[in-house]
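For the protein sequence lines, the chains are W and Z, in the order given.
Under our numbering, residue 63 is the last one in the first sequence; the count climbs by one each step, no gaps.
Under our numbering, residue 1208 is the last one in the second sequence; the count climbs by one each step, no gaps.
Calculated directly from the structure, the hints in this document are not laboratory data.
Predicted model only: the values in this text are computed from it and were never measured.
Among the clues, some could well be false.
[Said to hold, decoys possible] List time: in silico DSSO-like cross-link candidates among lysine-lysine, alpha-carbon distance up to 27 Å: (1) W:8 with Z:1112; (2) Z:1074 with Z:1037; (3) Z:1170 with Z:1084; (4) W:45 with Z:1112; (5) Z:1074 with Z:1030; (6) Z:1037 with Z:1063.
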Amino acid sequence: MILRRTCKEVTHLVLQAEDTALPLADRVAVRLHMYACHACPPFLKQVLLMRRASERWRRYTEE
Amino acid sequence: MMQRTELCRKSRRSPYTATDMNDIATQLDKLRPVLLKYAQLQLRNSAWAEDAVSETLLAALEKPQSFAGQSQLKTWLIGILKHKLIDQIRRNSREMSTSAEDGEDIAEDLFKPDGHWREAPQDWGDPEHCLRQLDFMRVLEACVEHLPGQQGRLFMMREWLELDTEEICKELAISPTNLWVMLHRARLRLRECLQLNWFAGVAVGGSS
Chain W
1 MILRRTCKEV THLVLQAEDT ALPLADRVAV RLHMYACHAC PPFLKQVLLM RRASERWRRY
61 TEE
Chain Z
1001 MMQRTELCRK SRRSPYTATD MNDIATQLDK LRPVLLKYAQ LQLRNSAWAE DAVSETLLAA
1061 LEKPQSFAGQ SQLKTWLIGI LKHKLIDQIR RNSREMSTSA EDGEDIAEDL FKPDGHWREA
1121 PQDWGDPEHC LRQLDFMRVL EACVEHLPGQ QGRLFMMREW LELDTEEICK ELAISPTNLW
1181 VMLHRARLRL RECLQLNWFA GVAVGGSS
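Let the sequences and hints guide you as you build the complete structure.
In C-alpha cells, the structure reads:
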C-alpha cells in the first residue's frame, strides 16, 4: 500500500515538515496514519509545541 | 595605524559628552555577557563569538543617533549581533564541520526494527502551560546549548537567525539532505532533552 507508513517513517515526515513543504502524497499518508495510530499524534503535538517554544524563546532572547 | 587614525577622527566629532560615554559604557558592559552567550550558542567558538560581539558594539557606537533613541537597547543590539553572526559564519564556514557526536542517529533507539515506537511519546499537555513559564525557556535554552556543535549551529541558524534552508545550505556549502538530517537529529535531541528535564518532572495538566 502506497499510503501505508510506519511510525518511524511518519516521525521522519513530521520533522521534515518543519523545514520544507511535504509532497501532497506524504501529507495524505501522515494524516491517515494519525487517525490509525496512538503513539504518533502525541509526537506531532510535541513537535508543534517545540516550534512554538522556539519562537517564544527567540522573543525572550530579544527582550 | 589605519585603525588609530580612524579612531581619532571619529572621536573628534563625537556627539557624546563624558557623562554620556560613562553611561553608555555601563550599559554596554551590562549587556555584553548576554550578547556573548548568544554569539557562542550560534558559533560554538569563543574567539569568533568575541569578534562578533566586538563588531556589534563598534557598529552600535558608530550610530550615535540610533543609540540615543533606543529605549530597548538589548533588542537593538541583538538585531545588530545577528548580522555580525552571519558575517562570522560566512568567514569561518569552512571550519564549521560535524563532530562524531553530530553523526549519532538517535532515531535508531526510538523505534523497533518493524518501525513501531519502542516507547510511545508522552502527552506534553497544554502548550500554554509551559510556554508562559520563564523556567521552561531556561530549560529550552540549556537544551539548545547541549546540542552537538554542528547541530546546534544549524538549529540556531534556522530557529534563532530565522534563515531559510536554502540560505543555510548556501552559506555553509552543504546539501539540503545533509541539512535536513542534521536538523532532524537536533529536533529529536531537543525533544529528548525537554522530556528528561522538564516534562518527566512536571505533572502535565496538573497545578503549576
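Against the structure, the hints:
1. W:8 with Z:1112: Status holds; Cα separation ~9 Å.
2. Z:1074 with Z:1037: 13 Å, holds
3. Z:1170 with Z:1084: OK: residue 1170 (chain Z) and residue 1084 (chain Z) at ~17 Å, within 27 Å.
4. W:45 with Z:1112: Holds, at roughly 21 Å.
5. Z:1074 with Z:1030: 10 Å, holds
6. Z:1037 with Z:1063: 24 Å, holds
Checked against the numbered hints given earlier, the structure satisfies every one of them.
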